[in-house]
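Chains as they are written, first to last, in our numbering: chain S, 213 to 528; chain R, 213 to 528; chain F, 213 to 528.
These are computed hints drawn from the structure, not numbers from a lab.
Treat the hints with care, since some could be wrong.
The list treats identical chains as interchangeable, and a pair is accepted whether it falls inside one copy or across any two copies.
[What the hints assert, rightly or not] Think about it this way: if two alpha-carbon atoms lie no more than 27 Å apart in a straight line, the pair counts; the simulated DSSO-like pairs of lysine-lysine are:
id, residue 1, residue 2
1, 496, 236
2, 288, 402
3, 236, 249
4, 377, 417
5, 330, 377
6, 496, 330
7, 249, 380
8, 214, 377
9, 496, 288
Nothing here was measured: the structure is a model prediction, and the numbers come from that model.
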Amino acid sequence: MKHFIQLNDIENMDRFLEGIHQLKQSPLAHQHLGANKTLGMLFFNPSLRTRLSTQKAAQQLGMHSMVMNFTGEGWKLEFEDGVIMTGNAAEHIREAAAVVSQYFDVLAVRAFASLEDKEKDLAETVIKGFQDYGSIPVMNLESATAHPLQALADAVTLQEFQKVKRPKVVLSWAPHPRALPHAVANSFVKMMHYLEVDFSIAHPKGYALNPKLTQGIPIANDQEAAFENADFIYTKNWSAFDAYGTQPPVGQDWQITAAKMQATNNAYFMHCLPVRRNVVVEAKVLDSPQSLVIAQANNRTYAAQAVLKTLLEHAT
Amino acid sequence: MKHFIQLNDIENMDRFLEGIHQLKQSPLAHQHLGANKTLGMLFFNPSLRTRLSTQKAAQQLGMHSMVMNFTGEGWKLEFEDGVIMTGNAAEHIREAAAVVSQYFDVLAVRAFASLEDKEKDLAETVIKGFQDYGSIPVMNLESATAHPLQALADAVTLQEFQKVKRPKVVLSWAPHPRALPHAVANSFVKMMHYLEVDFSIAHPKGYALNPKLTQGIPIANDQEAAFENADFIYTKNWSAFDAYGTQPPVGQDWQITAAKMQATNNAYFMHCLPVRRNVVVEAKVLDSPQSLVIAQANNRTYAAQAVLKTLLEHAT
Amino acid sequence: MKHFIQLNDIENMDRFLEGIHQLKQSPLAHQHLGANKTLGMLFFNPSLRTRLSTQKAAQQLGMHSMVMNFTGEGWKLEFEDGVIMTGNAAEHIREAAAVVSQYFDVLAVRAFASLEDKEKDLAETVIKGFQDYGSIPVMNLESATAHPLQALADAVTLQEFQKVKRPKVVLSWAPHPRALPHAVANSFVKMMHYLEVDFSIAHPKGYALNPKLTQGIPIANDQEAAFENADFIYTKNWSAFDAYGTQPPVGQDWQITAAKMQATNNAYFMHCLPVRRNVVVEAKVLDSPQSLVIAQANNRTYAAQAVLKTLLEHAT
């Protein structure tokens, strides 16, 4: 693995997930691997879990980390070629990526989808820019279309709590006041291909994800029916992919409620956080013993640590 | 000591203050105590002294620290239960506290009083939230009603400079252009109960502190009279507690001046900083050898180190 | 060297530059020098290269670093004496500098020129304030009139790439949409006095630098003529010094183009970055093998490391 941009950068997913479980058992077992190495963390969007768990992961590998918030501490970057840079952007990704590559050993980047320019978002302009013009391994801390660290943590959590060999997993859309990106849902969908699960997606009409990713996966517009016999309900809001970035009106209430959870096979509730209580999901569900959201967040550390470990091992 | 929220979390104040003096002598004597431990520092308000001295304290114990500014790097948290979270807050304290507890060993939190909602401020909603929903020791970096780290540093400074067994200490209100919280004054008042001092408070009418805290303490509305024979003048502005958060008009000038200091027993001048020169106190007083403000700030490091040391020792 | 504010704080420039080359060969050779020492980095302006390369430098010396952004994390400081502080500034430099000196071993400060008050900028109010009222070595991360770390990196880069004993070096003004400070140009001009170079400056009328600095240096208002036979073109925009901080209209196009570079002796192109492509310089020039901008940025680390090393050695 040279870069960690998407889940398919991982060569052997089974073995990789097993490695995460092992790191969770012995987080300090590889403390010399990162000695005198530095992780550069560049944020173009806010972050809580991702930043802290990744810094913790670096630390447990004996690695230094430096955090740079581009909004607030730095300046706007230009990602397009050929532009006459008289606007807001003070520096081009070509220089920025090449320069910071000289100060770090691994470069971690968070840059959300704009939800305004579908083509640019799909092209992953920002993280690709660091990959193309940088000279060190790049690690995805959530990009326009993918959040693979989250999917790794989700897979490990699912493995920790699954009771049957082939659990029924439902990814359900849920309401949210603001238009949100598709990254978490996309990576979760991708991850489900690697696990032995009975997987389906439930979302209102108008909220289909990128059809390239969901090909072959059962999709329901009836949330209630989809929940029947589910072992895991993974919940996430996303905006429309077709009418890109919009929020088409939804006929019925898609909030995850305790009543809806009762129709499942006593399913676990999963969400990547942050989550809006009583909007996305009823508080009662989050506060029930079936909620795995805190466990998922904990596994973020070991997912990030496994990625960093692999990138460091590959580099040496 | 499981948490450090208020001064009365400290079991034996005499011994604790003695411990701070000792750490000042040998700040690196416990460098292995914090090995592979992490201090998470969450800021809901700006900080200079508190952040830097506490990071320094962690470092001297061999502990990592991570700083997170919620305004700027993160998002707004919701602290009330039962809310339908369609507003500005993207995450609830229940999730935030439980999640970050998994990344850190000690959690330090700064969250000032709103000065708008007296009940919420007195309930210490923010720091209590981290205590209630987190799973690790919480350390107060100034909350709505208390700044116990400052009071510890103040006590140690007072001990370093006192010339008589029972010095006369006056806490004097002073003017300020903005309405300020009561945290520093509250904790100083509480601390005075632990020390052998002749303590009184001077403030203009309308500026009484929380009467629960000042019970039994002599209070003067005449600054000049209060200063007579004082050995230490501790100065701080605060807004009204009764007409909560307001700034009732003040008849005379309460600025601490060199002339007023002359009426004392060559008293030392103390202030927690930041201080507005020639508003709160005359520049001449700050620049005089009697000013202890820089020494107070220095002792913040050792106060924080003693608290961290105790929390780490209790946790193991 | 007690402080590092200007290039002339360096006692023996030849030896100092040689030291930078050596640190680049063995960056980890002095890892014990910084043990239990802390670099405090205070930013009054945004920073990318300077912050990261200086943190890296500290790290390579085994030194801790703490970053504080005054816009965002702290509050406004007052630098003038005698002011009645009822305005925006919550703390005076006298207190701030004395306080933070107690938490750090070396203090690094970035504070750009205001370009509004020439006298104050020339007086270096901010960095001088930390020097005057602090009690530890102060390191310039770009001040109102100087960016000596950049000049050190530039000199080392020039030495690495020079092909003749006395190369022809031209400092050329170039266009920019915003009014910029003189710090980089000033320090580059100063540095040229230390090197064996044939140095000249080219700028449009109205853009003369501080005449005290450029005395004796050939100055051309004809860019094309100046470029003839040049071995290095160092490019930078700056605003007028005479009509301080303004941008007088420029008759012809001063952008550095591939065509103009062809008139040189296959010159190397240098710039401190960030650079606006196709405004300051044609993209083609930046992407050519003659561009040294990435190499310059890399040498920032070793320049900062040499400065820190000297300050630490002097302090012990």
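Structure versus earlier hints, numbers of those that do not hold, lowest first
Per hint list: 1, 2, 4, 5, 6, 7, 8 violated.
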